[in-house]
Amino acid sequence: MLRALLTVLTLLCLPAAVLAQDLQSLLQEHQAQIAKPSRKKIGPALEALVASGLPQAPEFLEKWQGKELYRRTKDGLFFYAAETDAGMDLTDIDSAVITSGVDAATLKQIKPNGGVRKAISEALVQFQLSSPDLQRRQDAVDALARNLDPAQLGALETSISSETDTALKARKQQLVTYIAARFGDTPGQRIAAINSLASGISVETRAALSQILTTTTLAAQSAPDANIAGTVELPRAEAYALLVDTAGLPAPITSDDIRKSLEENVEGGKVGTVSTVSLNTDTARLVAYDLLVDAGKAPARVTEDAITTALNDWQIYHIYDEPNADITTAAKAAQDTVNTRVNVSQSADLALDAISLASIYFLAAIGLAITFGVMGVINMAHGEFIMMGAYTGYVVQQIIPNYTVSLIVALPLAFIVTFAAGVAMERLVIRWLYNRPLETLLATFGVSIALQQLAKNIFGTQARPLTSPAWLDGALVFNDVIQISYIRIAIFVLAVMFLTLLLFILKRTRLGLETRAVTQNPRMAASMGINPERIKMLTFGLGSGIAGIAGVAIGLYAKVTSEMGSDYIVQSFMTVVVGGVGNIWGTLAGASMIGTLQKGIEWLNPSNTLAAQTYMILFIILFIQFRPKGIVALKGRAAGD
Amino acid sequence: MSTLLEMSGVSVSFDGFKAINNLSFQIAEPEMRAIIGPNGAGKTTFMDIITGKTKPDEGRVIFGEKSISLLGMSESKIAKVGVGRKFQKPTVFEAQTVRENFALALKNPRGPFDVLRHRKTKNGAQRIEELAERVGLIDELPRLSGELSHGQKQWLEIGMLLAQSPRLLLVDEPAAGMTPAEREKTTDILVNAAKTHAVVVVEHDMEFVRRLNCKVTVLNEGSVLAEGTLDHVTQNPEVIDVYLGR
Amino acid sequence: MSQTFITRHPSTLWVLAFLGLFTLLVSVFSEAAGVGLVSTSFVKTLGKTLCLCLIAIAMDVVWGYCGILSLGHFAFFGIGGYAIGMWLMYARTEAIVAQSLSANIIPPTDVEISTAIGNQIFGVVGSSDFPLIWSFAHSLTLQLLMVLLIPGLLALVFGWLAFRSRVTGVYLSILTQAMTLALALYLFQNDSGLRGNNGLSGLQNIPGYEETPQAFISIAFFWASSAALALGYVLFAWVTAGKMGSVIRAIRDDEQRVRFLGYHVESYKLFVFTLTAVVSGIAGALYYPQAGIINPAEVAPIASIYLAVWVAIGGRGKLYGAVIGAVFVSLLSSYFTGGSAPDINLGFYIVKWTDWWLVLLGLSFVAVTLLFPGGIASLFDKLTRKS
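Protein chains in written order, with the UniProt record's numbering: chain A, 1 to 641; chain B, 1 to 246; chain C, 1 to 387.
Calculated from the structure, these hints are not laboratory results.
One or more hints might be untrue.
Unchecked claim - Sample of chain C residues with no beta-carbon within 12 Å of chain A, all distances over it, derived:
1. L37
2. T93
3. S201
4. G292
What the hints assert, rightly or not - With a straight-line Cα cutoff of 20 Å, these simulated PhoX-like cross-link-like pairs (lysine-lysine) come out:
5. B:K122 - C:K243
6. A:K111 - A:K40
7. B:K66 - B:K89
8. A:K270 - A:K260
9. B:K122 - B:K107
10. B:K55 - A:K629
11. C:K243 - B:K120
12. A:K67 - A:K36
13. B:K18 - B:K53
14. A:K67 - A:K41
15. A:K118 - A:K63
16. B:K77 - B:K53
17. A:K629 - B:K77
18. C:K352 - A:K456
19. A:K74 - A:K111
20. B:K80 - C:K352
21. A:K74 - A:K108
22. A:K74 - A:K41
23. C:K243 - B:K107
24. B:K80 - B:K66
We treat Cβ as the ideally placed atom computed from N, Cα and C, and that holds for glycine.
Modelling step: build the complete structure from the supplied sequences, incorporating the hints.
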């Protein structure tokens, strides 16, 4: 600490110390310490070097640390040297002039030991922190952040005033706070720093606080004279094991130990007087073992009573490693504040995740909802239309290398391709099966099998990438906890766009009017001059086209495979069914519910997404029992029952 | 003659539209009643409520001597206590023979395990033949009912209704698509049934209603507009206004 | 009684006769009989196909007769397989463990044996404790009971919930699909207690018959499958004949009308759904010892959809149609995807059957639905009517 202060002092008077002096002469002043460096004596030499502010100094320190510094025996001058085929190349420390072919025998290499090298690197950090090169300063700060060292506090603080980069300056101040909180000189300083940490949320802040609050577990018979964090109740076996480890109580004899002891003492098919054949129960083994103990051939068992007594006598404590209770109290309070904020942020982040997942489900399901709602037709090949859209995006990227342009081309193209596929399927298959919904389900499933295998034959089984443009890379970061990737934002925007567009089409256009008429009463609509065939074809095309666009969107953040459709189809059905058929708001409600639910369950059980999906499906099955017509249900005759 | 079915203060609405509005109705056993009314007057919904297909928002529906409430009972339970229904559009099981259709309707235990243990009995066969004779389908018994003509399907459905031996028969437009001779026969069957049962006939055809010669209830906008003999209601100016005048 | 339903289903006698003859022929030419014209692995394939026929007729009853398009019957099949697999695996591991522990100087305690078995079975998922669902695995009788009870109870509870709230048509299909998906996802978890995606393996080794060659075991299972199919066929022919058949077909065609006739439709559906689920469980319990391994992928939704495909192609509403469909499609599938089918060289493109079979199957499925809703069985009917 003293040395650090000294360094600060020297650095403070740095401008005065800048003299028109060359490095070599400075080195000669301290030649003894430099030539034979030792951890104890090196201090003044390094301080002088730092104080000199010479531009060559950092390089010198690096070379010295890297054992590339040599001393010429005859005049005691220092050089950098490197071995070549023809002897050594000497480089002048100040002028960088190179002298080749020097006999190695005339030189003496300077090898600083580990302690010295550490001191050198500390001095080097001071240079780096104030280096004119932003990148070097950045690197130095990063290195410091990885390994907070109280010795660097002075250098860090000094470098702040001269720091020109605002972000880096803030970062340095942050590090100063961390160092002060953990290693500050007086409890007052530390508590002040700790209190200022309470307003943070970053992983580093949380790490700094938890490092202050590290504890050791120990057992004691009376409250130890230390900063006690609290007492602990452990399960019986664990608690006693701790007593064995820390308090030196006898270890319990396990059933394994008993078996081994018995095996070691088998003589002629007997242990003592007991036949081995009868030793196939724990009770029999205990009896035989106790006989061994009586005979002095095995250590006595620790009885359950003994363990109980021991556990009553001893109390297990968590002790703060930090002895000062004021500091730990402050840190604990700061940690609580930070954790509260982290929890709030996590909820916000979870909400964002849920919204994003809901957008994906909405996009995947809305096309299905339209066809299902308007025509009462379940399209099992809907997932394959999603896949088709994603592959369209992939193919476009193979032709147009610019990701932005290819995306702009791919979105409408995917719509056109899947629209055409949807219309073709409606004309060729579905139209013949109206009023036979179960058979439509099966026929479209046949199409789904064929399309999936076809995609496999064309594109192979491995996943194909659909790369997003650079401006969609990265994430919008609110803080260390809340962040959301731009792709997900884009998908959300896309979902909102589709919601508005579809609402507009259905409520404000002729097509929408006719579609609603056909949905509610096809015969009446037909008699009013609406061609239901045409409407159904267009609706089916529209639903399929949206699936294509959803495919591009999904392909951007997940891989494109021939099976990607089947990953979404069941969830899409769920979304439609839960939301209520024949209603865009219903689909929105369904998607929101399923998205939120899935994220919520994942949050409760983060290690197991499979379990989350299982529970979600079970929940949906139950949900449908109580609202068979979904969240937004149509009533009366229009519901079609 | 005692009241078999009593509906009081029943209302039901679909998405804000009041299909049935504070409707009260009663019928005795035996009694024949015709219900008339313009399209959308709530005739079908009225039957749906009695048979349990539609649950009313408010009101009571009480059946039989023990005054059991039909509300909250399932369709099958209501059918079992003695309410039979013939639909406007004949709905017979077209993939099955006429005999099977009759057998399905015949009054027998209805549980799955009863049905699984069911044996054909002489009594049953006799009753089926009797009914088939009555509705003129005795020669069609082995045929698939899908092959029958529209009129024959109507007869089959009437026969199935009788086979159920319900106490209350709800008959929706029995004469639609029938020849005058067939209508007469239908009238006979219904009038005959009304001697021992309660029969509610929904019909558009005034001539047919006249021949039934019974009390008539006029429905309009979900409630009873008028009740009485056909002559009485046809002279009611309101009835003329909403129904006959058009 | 038997007269009535057999006269109503004359096909029953034909199917039984054919099945008997077929079983006899396969047995005579099998390796077990010393002829070897039919290899042991093919006997297993045929035995498995018979099990698939059994679940196919169950599917036909629930869908073709009762109109419930269940996309989840393979879940029951899988549960049956898991239930018998648990005993097979436990008993076999127990024998192995007993063997290895018998070398110990001191005989093992019960706890030591069960820990060792647990280690053997659950080592792959990093556990050694027996989950609760293995409580009966030591007993063949109890586990056989599970083969019947678990599919039955699951179908009963699921069906009661679904039918009670009048979920019908495509909704019900999606719901059954969700059920099997949930089961598959559950089984995929390592802590499901059923070894996650490793599934149960080594099921072809029958405890107590370690010395018996697979040739004989395969024939025994083939007979068992054949007998099960025969019994199942008779059972379903009996159920679908007579008044029960009449009621459930009526439900298929117009369930609301059946309600107005006074039948409690939900009970009938539940009866059919549960009965077919139990039969599916039995089929699965016979299938997987012949397959040797069961894993969660077996109960993935796609399997149940293929089941519907078989029944549709074979011909719905006729029990022998389901048998034809299952035999025809599953054998063709294994022929074409097995790689033994010759490629077709079109000059500019070589059609590899392993790649194109599914495309063909998918399209032919569309064609059958559109053009031959009666399936292959309807062709039979036409032929018999002409002759």
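Verify the proposed pairing of K66 of chain B with K89 of chain B, using a straight-line Cα cut of 20 Å. 33 Å, violated
Least C-beta distance from T93 of chain C to chain A larger than 12 Å: 19 Å, holds
Taking only the CA atoms, is the gap from K18 of chain B to K53 of chain B under or equal to 20 Å? Holds, because 17 Å separates the two Cα atoms, which is no more than 20 Å.
Just checking, S201 of chain C versus chain A, shortest CB gap more than 12 Å? 21 Å, holds
Check the hint pairing K80 of chain B with K66 of chain B against an upper bound of 20 Å on the C-alpha distance. Holds: K80 of chain B and K66 of chain B sit about 15 Å apart, inside 20 Å.
Taken at face value, is the distance from the CA of K77 of chain B to the CA of K629 of chain A at most 20 Å? Roughly 24 Å separates the two Cα atoms, so the pair is violated.
Keeping to a limit of 20 Å between CA atoms, is the pair of K243 of chain C and K120 of chain B held or broken? Satisfied, since the Cα-Cα distance of roughly 9 Å is no more than 20 Å.
Keeping to a limit of 20 Å between CA atoms, is the pair of K111 of chain A and K40 of chain A held or broken? 16 Å, holds
Does L37 of chain C really sit off the interface, with its C-beta more than 12 Å from all C-beta atoms of chain A? Per Cβ check, L37 of chain C is outside 12 Å of chain A; nearest 34 Å; holds.
Please work out if K80 of chain B and K352 of chain C have their alpha carbons no farther apart than 20 Å. At roughly 61 Å apart (the allowed maximum being 20 Å), K352 of chain C and K80 of chain B break the hint.
Distance restraint between K122 of chain B and K107 of chain B, which requires alpha-carbon spacing of 20 Å or less: 14 Å, holds
Below or equal to 20 Å on CA atoms is what counts here, so check K67 of chain A against K36 of chain A. 12 Å, holds
Hint check: violations occur at hints 7, 17, 20 and 22; the rest are consistent with the structure.
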